[in-house]
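There are 2 protein chains.
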Amino acid sequence: MKIVRTASRATRLRNEPGRPLVLVPTMGALHAGHLSLIEKARRLAGPRGRVVVSIFVNPAQFGPGEDYSRYPRPFPRDRRLCEEAGVDVLFHPEPDVMYPAEFSTYVNEERISLGLCGLSRQGHFRGVCTVVLKLFNIIAPDAAVFGEKDYQQVAVIRRMARDLNVPIRVVTAPTVREADGLALSSRNAYLRPEERAQAPVIRRALLKAREAESVSPAELTRQVRREIAAAPLAKIDYIAVLDARTLDKPGPNTGELVIACAVWFGRTRLIDNIHKKACNPHKH
Amino acid sequence: MKIVRTASRATRLRNEPGRPLVLVPTMGALHAGHLSLIEKARRLAGPRGRVVVSIFVNPAQFGPGEDYSRYPRPFPRDRRLCEEAGVDVLFHPEPDVMYPAEFSTYVNEERISLGLCGLSRQGHFRGVCTVVLKLFNIIAPDAAVFGEKDYQQVAVIRRMARDLNVPIRVVTAPTVREADGLALSSRNAYLRPEERAQAPVIRRALLKAREAESVSPAELTRQVRREIAAAPLAKIDYIAVLDARTLDKPGPNTGELVIACAVWFGRTRLIDNIHKKACNPHKH
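Residue numbers (the numbering used here), protein chains in the order written: chain A, 1 to 284; chain B, 1 to 284.
No lab work stands behind these hints, which were simulated from the structure alone.
Accuracy of the hints is not assured; some may be wrong.
Since the list can't tell identical chains apart, any single copy or any two copies may satisfy a pair.
Heads up, simulated SDA-like pairs for lysine to any residue below, C-alpha to C-alpha not over 20 angstroms straight-line [stated by the list, open to error]: (1) Lys249 to Ser104; (2) Lys249 to Ala101; (3) Lys276 to Gly251; (4) Lys235 to Gln223; (5) Lys249 to Glu102; (6) Lys249 to Phe103; (7) Lys2 to Gly86; (8) Lys2 to Ala229; (9) Lys2 to Pro93; (10) Lys276 to Val170; (11) Lys2 to Asp243; (12) Lys249 to Ala29.
Note that the coordinates shown come from a computational prediction; the quantities given were computed from them, not determined experimentally.
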């Protein structure tokens with residue numbers, strides 16, 4: 001496995017046409033969720049292709065007071081996991097490689113990014129779009145793989161890629177979970193034992209909401225809120241029931257809903273989501 | 001010459017590796033200035049390479065009340081000029097090809113674009129950056145050629161390309177002028193005869209400023225203002241003397257100045273600029 005730390009060296013990867021290149025952008029602190037993305041990338045790349053994993057804790061996507069400085073950076077372990085997973089190239093730039101002096105250009109998605117996590121994390125998706133577009137341009141992969149846990153992120157990146165004519169396939173892989181349903185996240189490591197014990201309430205509430213029949217979005221939202229609020233350490237940031245495609249309010253043309261939420265446990269903010277067939281009264 | 005109107009057809013151009021591709025982005029209404037860009041692109045592309053000219057009057061770079069709808073669109077003439085100039089591909093999309101339904105992603109340069117034309121044309125450079133990045137992604141040229149008349153535009157595009165790791169060379173070509181010094185612009189066609197007669201005052205004032213010796217930026221600005229204001233139909237938008245590289249206020253490290261200005265003649269806004277060696281008292 002080759003480790004590359006500068007954009008110019010990473011850029012040389014593209015000089016081998018005919019060998020598919022698949023990128024898995026991460027912030028490191030790798031867990032089984034990331035490994036499933038790498039596995040999917042490996043399959044997409046095929047026997048002749050190459051998998052590039054980027055590890056970069058992107059300052060531009062953290063707001064003031066967020067966990068940028070304390071975000072875990074266990075690089076030796078990450079490197080070993082990548083090696084074992086058959087990654088071909090690990091791109092691991094320093095911040096000043098990605099944001100050189102006088103950096104002043106940002107990419108803004110101005111619709112899908114406004115609600116949900118965009119509300120409580122001002123500037124987050126601007127940072128995500130900017131760094132993802134930079135990684136796309138540096139690596140020039142044929143495809144890039146993202147996790148479905150970050151549902152809004154995937155929607156924003158797809159929209160950005162479409163709007164800016166980025167010639168890269170955006171592929172997703174399902175959320176990987178602990179046995180008790182908690183979605184894997186590098187931030188789970190922050191949870192104190194009593195918070196960790198209550199955190200699976202999120203998944204239980206979402207599963208229950210998926211089973212509920214003939215319930216309006218407003219009622220679904222209330223139900224999920226009630227379920228999660230029953231956990232004494234949970235502090236709800238948002239619960240939203242939206243059109244899964246547009247992330248708008250569900251309308252008469254909504255076929256699939258997404259129920260998405262963010263919940264604080266102490267200083268740790270967890271997100272999760274689930275899909276559900278829309279039950280549309282106008283269509284009966 | 002091939003005429004292409006959709007992004008997907010334009011994208012197929014990139015499928016011939018080894019043949020350099022050089023892009024000249026324009027809004028049409030081609031004049032000798034554009035033809036000099038095409039000529040430069042032809043030289044850069046070499047005998048095996050191809051030159052792509054895009055003609056697209058980009059709604060996103062016009063503010064409310066600006067001349068988007070009346071901007072000239074003499075397509076048959078433009079096509080003939082491209083053909084005669086040896087252009088290989090003319091990319092001529094409709095607005096809804098470039099801005100499909102639910103378009104919501106924009107590229108913002110947040111420093112160099114703020115002053116000068118950015119002050120009086122809110123959102124202009126956001127529109128420019130967005131459309132240029134889209135054209136870069138659609139065509140994927142090796143190089144793109146821009147005119148030096150649009151000095152701030154070139155600086156903004158260079159900065160954007162650097163910041164977002166766009167793998168495309170940004171090349172410029174000198175401003176082409178009428179015999180009396182007026183910089184060629186598609187907007188010159190708007191000038192009434194008496195406005196046209198006075199417009200060369202811009203170039204005369206800039207040439208005089210370049211010759212002035214040991215004069216401070218503030219004094220240079222006043223001098224150019226005085227010269228231009230002497231033309232009764234001229235209404236000055238801005239005159240600025242800046243570091244040619246950073247577009248910041250000249251400082252002790254400034255080697256080269258740019259004197260840039262925008263001047264209204266009736267409803268027509270003209271821009272021009274000139275370079276000048278900095279005379280830096282700190283360096284004596």
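Hints and how they fare:
In this assembly of identical chains, Lys249 and Ser104 lie within 20 angstroms of each other by CA distance solely across copies; the values are 17 angstroms between and 34 angstroms within a copy. In the homo-oligomer, the alpha carbons of Lys249 and Ala101 lie at most 20 angstroms apart only across protomers (17 angstroms), although the nearest pairing inside one protomer, at 41 angstroms, exceeds that limit. In the homo-oligomer, the alpha carbons of Lys276 and Gly251 lie at most 20 angstroms apart inside one protomer (14 angstroms), although the nearest pairing across protomers, at 60 angstroms, exceeds that limit. Proximity of Lys235 and Gln223 under a CA criterion of 20 angstroms is satisfied intra-copy only: 15 angstroms inside one chain copy versus 64 angstroms between copies.
Proximity of Lys249 to Glu102 under the C-alpha cut-off of 20 angstroms is restricted to the inter-copy arrangement: shortest distance 15 angstroms between copies versus 39 angstroms within a copy. For a Cα distance limit of 20 angstroms, the shortest separation of Lys249 from Phe103 across copies, 18 angstroms, qualifies, whereas the shortest one inside one copy, 36 angstroms, does not. In this assembly of identical chains, the alpha carbons of Lys2 and Gly86 lie at most 20 angstroms apart only when taken from the same copy (11 angstroms versus 44 angstroms across copies). For the identical chains of this complex, Lys2 and Ala229 are neighbours neither inside a copy (47 angstroms) nor across copies (63 angstroms), given an alpha-carbon limit of 20 angstroms.
With identical chains, the CA atoms of Lys2 and Pro93 are at most 20 angstroms apart within one copy only, with a shortest distance of 13 angstroms there and 42 angstroms across copies. Taking identical chains as interchangeable, the C-alpha atoms of Lys276 and Val170 are never at most 20 angstroms apart, the minima being 22 angstroms within one chain and 48 angstroms between chains. For a Cα distance limit of 20 angstroms, the shortest separation of Lys2 from Asp243 qualifies neither inside one copy, at 42 angstroms, nor across copies, at 41 angstroms. Taking identical chains as interchangeable, the C-alpha atoms of Lys249 and Ala29 are never at most 20 angstroms apart, the minima being 34 angstroms within one chain and 44 angstroms between chains.
Violated hints, listed in ascending order, are 8, 10, 11, 12; each of the other numbered hints is respected by the structure.
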